[in-house]
Amino acid sequence: MIAKKFLEKLNVISECKKVGLGAWECPPLLFVLMGLINVLAMSGSYLISSHYIDDSAVEIGIAAVVSIVILVIGNFIIHGFNKMAEANQLKSEFISIVSHQLRSPLSIFKWTMDILLKEAKEKKGGSPDETYLNILSENTERMIQLVNLLLEANRIESGRMVLARVPLSLQKITNDMVQSVTWYAKAYNVDIAFESVENPPEIIGDADRLRMVVQNLIDNAIRYSRGKGTVHVKLSVDGKFLRWEIHDNGVGIPKEQQKFIFQKFYRSDNAVRHQTQGSGLGLYIAKSVVEGLGGHIGFDSELDQGSTFWFTLPARS
Amino acid sequence: MKKKILYIEDEPALQRALSAMLVREGFETLQALDGETGIRIAKEKKPDIVLLDLVLPRMNGFAVLQALKGDPETKDIPVLVLTNLEGVGDIEKVVEMGAVSYLVKTNYPLSELIEQIKRYLNQ
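From first to last, the protein sequence lines are chains A and B.
According to this note's numbering, the residues represented by the first sequence are 479 to 795, in order.
According to this note's numbering, the residues represented by the second sequence are 57 to 179, in order.
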């Protein structure tokens with residue numbers, strides 16, 4: 479057990495991945511690299527100086543000076559990256575602690591409201607409180623979703639997201655989700671239609687996470703539709719992949735901002751203008767989940783014309 | 057004979073909410089605000105199921121689960137872990153330790169939670 483932990487510590491790159499740092503930002507790896515560069519620079523400067531200078535004390539002196547200069551510069555660089563790594567780890571821990579702390583009071587809200595709503599529903603002739611309780615309940619749910627998204631993004635960033643891999647029907651997930659958002663789409667004055675190829679193959683994936691992806695893409699299409707038109711969801715087979723896509727006639731994404739759309743916390747200007755609510759985490763998570771399951775994700779979008787978001791996942795053979 | 061459910065949870069408001077709902081559903085509820093009390097009640101009253109939080113004062117849920125499963129008097133009582141923690145490997149860990157399942161509290165409405173409890177009671 480101790481030997482295993484020791485070996486894990488030696489694998490510096492995976493240690494760095496845990497705190498969300500790539501190999502080139504990883505202080506221990508940089509330390510080793512700087513050491514190698516230093517040895518090379520020392521031998522190089524010694525060889526070059528010995529070619530031009532006969533006095534061996536001067537040759538050694540030049541090699542030593544080069545080595546010290548590289549050592550000092552290297553130390554500054556590694557120190558800087560070390561600080562960055564520490565800050566990154568602190569941020570991840572902070573998000574994790576805050577999110578878990580928020581979950582306790584949120585569970586209390588949720589369960590207490592469940593009881594109050596049940597009681598309100600049981601009252602004869604309905605209760606005027608029910609509307610307000612529903613508002614409270616929906617907003618508690620929103621907070622819970624946000625905390626879940628933050629925790630999920632945190633897990634992705636630190637490489638701790640573990641995807642389940644079980645056979646499942648993307649058609650069923652989509653169908654259930656479309657059913658459950660119909661009332662919500664109506665509130666936005668948007669229709670939603672789902673069209674699927676007959677008997678699509680199953681896929682291997684993580685049902686909860688794929689539900690999150692599908693929900694996020696449908697939510698976006700509805701919310702950015704500007705209160706008109708129909709959102710079309712389509713499931714088709716594309717070679718060895720199952721292709722899921724959603725088309726809306728909404729606000730679209732400005733061309734120059736399209737490359738940032740899958741970045742964490744990013745929301746395009748017009749998205750913020752049309753919808754103040756949104757964490758900018760949904761697409762970031764969707765990309766990680768889809769790619770983690772061996773698929774691809776992308777979109778086509780025209781400003782003020784609408785967007786088509788799609789993803790593909792390997793069909794179960 | 058009413059089925060007895062022991063809920064080990066350090067948050068009194070959650071205790072109250074879930075217990076109230078369970079009583080409405082016709083169960084008898086037992087409550088413990090910390091692990092040691094929970095283990096003592098489990099031994100004395102032999103509940104039909106234990107609902108266990110993981111973050112508890114002094115003795116955490118993992119230790120409570122280990123104690124319950126390690127004691128011949130309580131080892132056969134099903135334990136359902138109810139938590140807000142979602143650490144990597146926690147689900148596998150508690151199931152390996154003998155819990156029947158692991159549910160994240162914020163992700164379950166009370167009604168669904170009660171359905172799950174009933175399912176494990178009937179097994």
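The hints are simulated quantities; they were obtained by calculation from the structure and are not laboratory data.
Check each hint, because a few of them may be wrong.
[Stated by the list, open to error] In silico DSS-like cross-links for lysine-lysine, where the CA-CA straight-line distance does not exceed 27 Å:
no.: 1; chain 1: B; residue 1: K131; chain 2: B; residue 2: K99
no.: 2; chain 1: B; residue 1: K58; chain 2: B; residue 2: K149
no.: 3; chain 1: A; residue 1: K650; chain 2: B; residue 2: K174
no.: 4; chain 1: B; residue 1: K60; chain 2: B; residue 2: K149
no.: 5; chain 1: A; residue 1: K596; chain 2: B; residue 2: K60
no.: 6; chain 1: A; residue 1: K596; chain 2: B; residue 2: K174
no.: 7; chain 1: B; residue 1: K101; chain 2: B; residue 2: K131
no.: 8; chain 1: B; residue 1: K102; chain 2: B; residue 2: K149
no.: 9; chain 1: A; residue 1: K599; chain 2: B; residue 2: K131
no.: 10; chain 1: B; residue 1: K131; chain 2: A; residue 2: K596
no.: 11; chain 1: A; residue 1: K596; chain 2: B; residue 2: K149
no.: 12; chain 1: A; residue 1: K601; chain 2: B; residue 2: K174
no.: 13; chain 1: A; residue 1: K718; chain 2: A; residue 2: K706
Bear in mind the structure is a predicted one, so any value in this text is a computation, not a measurement.
Contradicted hints - numbers only: 2, 9, 10, 11 and 13
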